[in-house]
Structures are given as C-alpha cells and as structure tokens.
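2 protein chains.
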Amino acid sequence: MDTVSQMRLFMEPRSVAVVGATRQSGSDSFNIVQRLTGHGYKGRVYPVNPRASEILGIKAYPTIGDVPEKVDLAVIPVWERYAVPDLLKQCIDAGIKAVVVVTQGFADGDAEGRKLQDKMLAMARESGTRILGPNSLGVANAFTGLNTSFVPSDMIKVPIGVICQSGLFFQNLRSLNPLGKGIDVANGCDVHFCEALEYFEQDPDTKVILLHVEGLKDGKRFVQTASRVSRKKPIIALKTARTETGARAAQSHTGSLAGSVEVMRGALKQSGVVRASDVEEAEDLVKAFVRLPLMKGRRVGILSISGGAGVMQVDACSDYGLKLARLSPETQAGLREHLPAWMDTTNPLDLWPVGVHSGTSLSETAMACLSKVCPDPNVDGVAYTMGTVFLEEGLRVARSIRELMDTLDKPVCWWSGTGSRVVHEEELEKEGVVIFPSGERAIRALGKLNDYWQFLQESCKASRQSVMTHDR
Amino acid sequence: MDTVSQMRLFMEPRSVAVVGATRQSGSDSFNIVQRLTGHGYKGRVYPVNPRASEILGIKAYPTIGDVPEKVDLAVIPVWERYAVPDLLKQCIDAGIKAVVVVTQGFADGDAEGRKLQDKMLAMARESGTRILGPNSLGVANAFTGLNTSFVPSDMIKVPIGVICQSGLFFQNLRSLNPLGKGIDVANGCDVHFCEALEYFEQDPDTKVILLHVEGLKDGKRFVQTASRVSRKKPIIALKTARTETGARAAQSHTGSLAGSVEVMRGALKQSGVVRASDVEEAEDLVKAFVRLPLMKGRRVGILSISGGAGVMQVDACSDYGLKLARLSPETQAGLREHLPAWMDTTNPLDLWPVGVHSGTSLSETAMACLSKVCPDPNVDGVAYTMGTVFLEEGLRVARSIRELMDTLDKPVCWWSGTGSRVVHEEELEKEGVVIFPSGERAIRALGKLNDYWQFLQESCKASRQSVMTHDR
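From first to last, the protein sequence lines are chains B and F.
In this text, residue positions in the first sequence follow the numbering used here: the first is -11, and each later residue adds one.
In this text, residue positions in the second sequence follow the numbering used here: the first is -11, and each later residue adds one.
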C-alpha cells in the first residue's frame, strides 16, 4: 500500500477499535471511546476490553480478534507499557494496518522503553502495519468528527493540517482553533513528518500546514518532502528544543534528537518552510496564511490611529526585513486634501489629526485613507491600527478592508490597539479581516507573507531554469 | 515651587478649567468636560468657551480670566494651533501654574510649529507656569477620578504610574488596565520624564512605573533621576524609535530626537530600568512587578501538563539568562514516589504521566508537586503550565500557588496553555496569581524579575562601598 493510502487509514478510517478501552466515563475519565463518539464521527467504533460487555452503551469485545470486522484503525491507550507489544501483535494478527499507540514510557522514558519501542517498530516493519506514536494523542479530523485524543478538544472545519510532537497542539490555540486535521507523531518510531506531510499534500481539505518539530529523524528525506510540499501549500514550522538544555529536555519528552540548530535552520529554510519563533507566532501565521493574500513585495503602508503605535510598527518593519513604502505622488496628493497643513508625513499616516481636520468620523477617515493607500502600486501590504469602540463602525471598516484585499490581492493586517474589546475582535474577524494582538506582530506576519512569496518566486525560477537546461 | 509640588497641581488638582471646551457631547464628541466629570472627579470643573453659557449642565465662562477662582490646572484642547499661545498667556495672566496643551501641530508638525512651541516654552519659563505637552492627552488619576483625555478610558486604582509619549497608553492594555495614574508628556516641551519620575517617586499610590520613551531630552539628568527612582520602585521602559526609520517617524510624532540606540540602551541599563521589548512585554512586566515577588536567583523549576510546553520553556530559560534548577536530593526523592518507574526527569516535570501514575486528579497532582518544588532551596522561581478546563479545580490551585508565593517569597508564573478559556484566566487572577499568554513569556517575566533584583543587589553593594570609602 502506498504511503498516502496508509495515512488515509489513520485520517479517514471507516472503523476504529479502541484496544484497552477504559470503563470509566465522565469529563475527567479521559475515555477515548467517549471522545470518538462525541464529535459526530459516523464510522463504526469497537471498544475492546476483556472485563466489559459494553462501554458507553457500545458493545465491547474481549480481544481485537473478536471484533467482527477488520477495522481500518486501532488505538492502544493502556497505561502499562509492557502490555503494548502483545496488543500490537494481536492487531497485526487481525490484519489491521494502522495503529495509534497512546501509551507512554518508551523512547520518552528509559533505556528499557527504547528497547520496547524498537521491538514494536520491528513488528511493524515485518508486517506492513504502521504505528503512529507511541506517546501520541493520535489523529483528529474535524471534517468527519474523528478524534482519538483522550482530552476534550474543539474541532472546526478549518483548512489547517497540524503535525506535532506534543498534545498541546490538539488543544485550541488561543486566537484560532487550528484543529481542522491533526496528526500527533510524538515519539515518531514509525510514522513521522514525511508521511504526515505527504498526506496533507494530497488532502483537498488542507490549505496550510502547521508543523511542531522537536527533532527530525531523516533530515535529507525531510528537506526533499518539505521542499516539494511547500511549493503547493505553506508549511509553518515551530522548531523547539533549539538550545542545548532544550534538546536534553526533548529527549525525555519524545526521545527526539534535536540535532544541530544551524543544520536544522538550514534544512527548514532550504525547504521553504516558514519559521515561527514561538507558539504565539505560530498562531498568528496560521491565521495570516489561511485568510490573507500573500505579500508580493517588501513595501508597507502604515495607517494608525496612534502616532506612537505607528512608530513601533516602523521599528518592526526594520526587524522583519520590510520597508516603509514611498507613496506615489498621486496617493500623496489624494491624502493631502484630508491633512492639516502642518502635517507632512503620509507614511506612517497618523489618522487622528486627519479625522479632526476632515471633521469626519474616525471610521470614515480610515476608510477614505485605506481606499487611497491600499491600491497604490508602491504599496505591497498595509498595517492598520484602530480600536473598535463602536462595533457597527468597526464592522463597516472590516467589510471595506475585506473588499480591498479581494480586489487588490494585497494583505491588510489589523491591530486594534490596546483599548479594544476581545469580543469585538471576534465579531470583526467574522467579516474576513485578521486582527493581531500587537502592532509588531501584525508587521511580523506581513514579513512572513512576503518571505513565502519570495520562496515561491525563486522556486518557480529554479524550475523554469531547470526545464530550459533540459531543453538544450 | 519645587518640582513635586508643581507636578501635584497636574496630578491632584482641586480645580480644572478646560479652555476652549467644545459644546458637542455624546460618545464620539471627544469632549474633555464630559470625560472629566464622567470618572467621578470631585474637584471643581470650569468650561471656558465664549460662545456657550453652559456645557453639559456646567456653567461656562467666556475667558479663563472670568473664572471665579485661580484653578490648579488648565487644559487647552482647541484644534487651531495659532490660538494656543494667546490662550496660554491668558492662563499665565490668571496665575495658573499648570497647563496641559492638547493641541497638535507643534514640534510634531512643521518648522512653524516648532517655533510656536519654543515661544510657548519661553512664556512658561518666564512665568514659572509649567506646560505638559503640547500634543498631550494630559493626566489621569484613578484615585481621584481625574482624566483630561478626550478619548474614553477605563481607570482602576492600581499602583501603576504610566509616563508616556503616546495616548495609546491611556487606553487599557489588553491584559491589565494600567491606568492607575498617567502622565502623557508627548512633545515634552517643558514637563518631561524627570519631572514625572520625581512625582511617582514620592507618590504613595504608585508601586511600579511604566515608561514609554521615543526620545530623551537630557540623557545625563535622566540617568541621574531614573537611577535614584529605580532603587525605590521598578521602572519598566518601552523604548520605541529604536531604528533609523523609527527615529524619523518619531520626529513627526512627538518631535523627539531618538538618539543613538547604543547610548540609549546604556543609559537605561545604567539606570536600573527594566527594558520591555514591545507593548506585550510591557503589559507582562507591569503585571509581574505589581503582583509577584522578585526572583532572587537564576534557577527555575518547570512543572507542565505538557512535555512539549516544558521543552519550549527550557529553550526560553536559555534565551533570558535563566538556568534549569537542579532539584535537591530531598525534593527528587519526594517526587520519586509520584513518578512512574521509567520517568527520570524531575525538571522540567511533565505532570501528565505523574497524574496518571498516581491516580489523582490533575489539580491534586499539580498541588502535590508544586508544594515539593517551590520550597526547594535550589529553586528561585517556578514556571507552571496547566489549563483550566474545570474552573473550581483551577481556583484551588491558584489559591495554593498564592499561599506558596507569600510564604516563600518566590515568584510562580503560570501559563494556562492553549486550551484554556480567557474568562477562566480572569477568575484565576482574582486569586492573586499571574497568568501569561505563552510559556515563553512566563519565563521572560521571571528573567526580568531577576534582572531587577540583581540591580538592587548591586546598587546596595555600591552604596555600602561608597559609605565605607567615606568612613575612611
């Protein structure tokens, strides 16, 4: 079976067995059968437990051999690590080709655990069965309601594929629920990043891939796969275990070898992977890449209700390799009529004196200025800062920004400043804009939207050149 | 009059005149009289407007000379800059010693504006009247309900004194409302950072000072004042206009000369000022310094529901100059009984397998482990990561952390992970804990709590040495 077909057994199974399902239920029982049936999964679910005849009203079977069909996916969540190889063998004997091992204490534990893990890998290799884990929450798929995690997590049909080595990413990230689809490779004894990337490469539900990496197993193969995939879909990577002590901690967490920081950086950059420096940037970038157009140059226009915030964003442009756009004479002339005589800067543009001078409301002022700055051919992307004291006005601005982005194919990143209400931000985002928690983070996202566009341009050029060389 | 007494006229006036008060009212009228009376200010308020007999039900006077008392503070918010010098003269003639100039278009505008500003400064110097601004929102004081800003802002009696060059800081910061007291020096033609620092140095309502700096005027005097003040109260500084383009933008914003980045860094460091890299870190540090004990060493204990989050925090320790604590043999032995046999790391401590092995709830597991790690003499501060799916359990943990911090005088920084609800965080913080938006930011705050403690130690040592030298 090819890799993608086998990964589909994990991600789109028609039937799932939970081998060693707990009989406990309730919010703190971490019962996988409860999670599996609680998200609307329509496939068949088989609890396996020799001491239960039913679990949560579903008929249970003493062993996986007793289950009346060859299920697509088995999940082994027992807590006793020494029990796992036997249960795995029973799954293999039952002809099952995809097994999630939740149990901990393998390469994430001690030398004995590493030996057990190697033994399971050998069994997998011999039989053609693939293992996800151990030490894994398994898989999640909002599009079918599948979730093998033992902790509650909300899923939403967002076009985001998460590949991680920590259950942290199966929870909601704060500013966006990214769990469209998720694969927790964890210790990654068998299924690893490349298999997961190949699945998402082919998956029509996935537009953006979020990757959490503690350590790579096969750097060369990763670069090869990631380079190909990131030409089709952006891959945002959060590389942790970046330091010597962090690398030691990762060995105890997933048994991962973090590898040299420089080699890793090089590998990710070469692959066109967009690096996030921390969890918060990962959240920002996932949102940005899902909802905003790419930024097709380095020149930023800044419109801000606060001159002080504008200064901070100008600083951030330098930090993230962007330039302050020099507005065209036409745009400058168009803005001029709204400005008091003493005001000589149009970028960054301080909207407050403009509004006062024009005598229009702040949202009207903002829309008038946005409609002049955004279409300027010298502007590749816009940072906009304005609070939303009055929600109705904010919604009008949001709709107008969405329209500008769609027409012009340029990103606008919004910071609502410090005075805004979080609840307003949610309302505004429903109109299709993206609001960032700080002005600097808005600029940082614009920078990454441009980095990825540059990667696409360069790899296009490279393939054109390689075609031309071939033609000769 | 000495500086502090004169600053009290700005911050604790018994009466305020608004010279050029608008007759418009309502939520979008930016009416200062409305703001002044809307926050419970008990002092006398005098609107001055030759075309109104009353404003918002308060008797208005044609000129400041007609107001029946010599007010402590006058605020000039007219939009026409050429009108300001005359109005200022009338205030000086009326014997007023403290004037806020809200009007824009001075050093923040063009050469003509700079000339006008110089003219006003000369008038102030000659008369002994002090000017705050121009281009300033003025002052705010939650303890008396005073607020001269024209934009709505919530104030809370928090022991935080804000000194800024942008109205941005008169709005609520997202995670903490810092507007206990605020002074917007803005263009700073006369009253500047040193006067504001001297006020907060003496102010019993202020425990922590937040400083937003675009440019210093008199570096030497600043270092002298800030060094003295920061020995008594921590000063958190956000320096913007850090880049060449940022510096140019600042000149258009407040007419500030940003100065050399290196000189500025040196000046702030020498003064014991705690640097925040951006608005978000400023928010984090204000919260941390108000509510947490200082960290009296570099050794961190990490307890985390997620092994992956633990790895990220270990990385962050390296980033911010902290060390992973080596737990004492007693602590390790005490933890050992809760750990599965295969688990060999106690720092960072992954709480999930501990809970599973002990068969206790996650909050009980956390409290048991916290009560062992926090008192360890090898631990100077603790980073704790746990979501709050069940609020009641979270509240119990919060109370127990607060008790540990009070008893041990060590900081505990909490990251609630990605799955938590913001509303829960607010509830938990009411119990006196501090929750950070990311694990890395929790560690960064611990680092700064230690940096400031080190500064205090060094300056103590220096003054002891200077006393000893003197004794000889």
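Please note that the accuracy of each hint is not assured.
Which copy? The list can't say, so a pair holds if one copy fits it or any two copies do.
Claimed, not checked - Under the rule of at most 25 angstroms between Cα atoms (straight-line distance), these lysine to aspartate or glutamate pairs were calculated in the DMTMM-like manner:
| id | residue 1 | residue 2 |
| --- | --- | --- |
| 1 | K311 | D266 |
| 2 | K257 | D307 |
| 3 | K77 | D106 |
| 4 | K208 | E68 |
| 5 | K145 | E269 |
The set of hints was computed from the structure by calculation and includes no laboratory data.
To see whether the hints hold, each was checked on the structure:
no. : hint         : result
1   : K311 to D266 : both (24 angstroms within a copy, 19 angstroms between copies)
2   : K257 to D307 : both (18 angstroms within a copy, 22 angstroms between copies)
3   : K77 to D106  : within (14 angstroms within a copy, 86 angstroms between copies)
4   : K208 to E68  : neither (35 angstroms within a copy, 67 angstroms between copies)
5   : K145 to E269 : within (22 angstroms within a copy, 33 angstroms between copies)
Comparing the model with each numbered hint stated earlier shows that hint 4 is the single one that does not hold.
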